[in-house]
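Q: Sequence:
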Amino acid sequence: MEKDYYKILGINREANADEIKSAYRSLAKKWHPDVYATDSEEKKREAKEKFTEIQHAYSVLSNPEKKALYDQYGSEEGPQMSSGGSGFGASGFGGFGDIFSDLFNVFSGGDSSSRSSASRQRSGEDIEIQLTLTFEEACFGVEKEITYKRTENCNSCNGTGAKNGKSYTTCSNCKGTGSVIVEQRTMFGVMRSQQVCPACGGKGKIITESCPDCGGAGRVKRQKTIKVKIPAGVDNNQMLTVNAEGNAGYNGAPNGNLIVVFRVLPHKIFVRAGYDLKLDLPIKVSQAILGGKVTISTINGDKVDIDIPEGTEDGTVIRVKKRGIKFLRKDSYGDLFIKIIIDLPKNLSIKQKKVLKESMDILENASYSKVDKFNKLTNN
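Residue numbers (my numbering): 340 to 719.
FYI, nobody ran anything at the bench for these hints, they're computed from the structure.
Misleading hints may appear alongside valid ones.
Listed next, with one range per pair, are the computed distances between beta-carbon atoms [to be verified]: (1) Lys387 / Asn497: 47 to 57 Å; (2) Asp653 / Ile608: 48 to 58 Å; (3) Gly480 / Val656: 43 to 53 Å; (4) Ser708 / Ser688: 23 to 33 Å; (5) Glu482 / Lys678: 28 to 38 Å; (6) Ser708 / Thr473: 36 to 46 Å; (7) Asp670 / Lys368: 46 to 56 Å; (8) Lys568 / Gln394: 49 to 59 Å; (9) Gly591 / Lys563: 14 to 24 Å; (10) Lys368 / Pro537: 37 to 47 Å.
In silico DSSO-like cross-links for lysine-lysine, where the CA-CA straight-line distance does not exceed 30 Å [claimed, not checked]: (11) Lys678 / Lys632; (12) Lys669 / Lys483; (13) Lys623 / Lys669.
These figures come from a predicted structure and were not determined experimentally.
C-beta atoms are modelled at their ideal positions from N, C-alpha and C, and glycine is treated no differently.
Let the hints inform the model, and build the full structure from the sequences given.
A: Next up, the structure:
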């Protein structure tokens, strides 16, 4: 059977070029023959074989052209098959097709028909949509009705693509198994693997008369509307997976999923920071100097009195516990952080300026800790 180069390097098929190179370097260091120079002959032989195997896997996966051929056909040399009934044929291997199927059965631990069926089935694609939420909806949770388009199996032909679901014949290329035996010639010798039949696409059947409703595709686009419960505490760009609400699977395989990506609109006064909320609270100069109380509305509409201490400075942050956002799927809340912004009066009248100057004269001998400290430092 064809060797799995991805498995040899210990990576998945989505690995990028840097990940492939990193895996190769790590394994090459581990299995380099020089590392085992003083080991037993058996260990030396094993290291040499491993190193050669790793090098070849990397030579294929690091080459874009070879990698593309390998990903598609299982060999960097591309497919080597015939569709007739002689030679190394897709349908028979010169009469040895059943023998090879039995061999695959022995090594895989299952019967060849189940392998063929598995190769023909493929889960449906996931669908990703964006859902806009108000700030409050994200904070408290909401049930939303979502309408989107997805691919579903055609009801007229039951997803077969054939008229009335019956107008098809058994594929002569694979004899209805949906798979063929493919030969690849590699530096390790001739490798044989079982792959999806190119003639029928793994279905094992050839349509003789197409379904008029789906044009033989077996699948149609339909509009779907579902209700989705959005939990409290979701944030911008977070995703919710709705199982089996994506595109229909192929040949009886499961549907894909619906991936809902949230876009949360900003609030007019609150800013989110994780599960905490931030609020800039403007106060008058007199409130900052004399202190007092300011009543604000929290995110859930409750009224809360905020104590402003005497001599509160601009930028002071006051923390109000458990007045933030509910934790996602937890019975606890973040906090509310209130930043004090001292709002200086502008466009004073002559009378106001006069009164203010008189007040400032009275306060001239008051305690100004920061001014006194600065003057002390600069005068030394």
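Q: Decide, hint by hint, whether the structure agrees.
A: Against the structure, the hints:
| no. | hint | verdict |
| --- | --- | --- |
| 1 | Lys387 / Asn497: 47 to 57 Å | holds, 55 Å |
| 2 | Asp653 / Ile608: 48 to 58 Å | violated, 18 Å |
| 3 | Gly480 / Val656: 43 to 53 Å | violated, 28 Å |
| 4 | Ser708 / Ser688: 23 to 33 Å | holds, 32 Å |
| 5 | Glu482 / Lys678: 28 to 38 Å | holds, 34 Å |
| 6 | Ser708 / Thr473: 36 to 46 Å | holds, 45 Å |
| 7 | Asp670 / Lys368: 46 to 56 Å | holds, 50 Å |
| 8 | Lys568 / Gln394: 49 to 59 Å | holds, 53 Å |
| 9 | Gly591 / Lys563: 14 to 24 Å | holds, 20 Å |
| 10 | Lys368 / Pro537: 37 to 47 Å | holds, 41 Å |
| 11 | Lys678 / Lys632 | holds, 15 Å |
| 12 | Lys669 / Lys483 | holds, 21 Å |
| 13 | Lys623 / Lys669 | violated, 39 Å |
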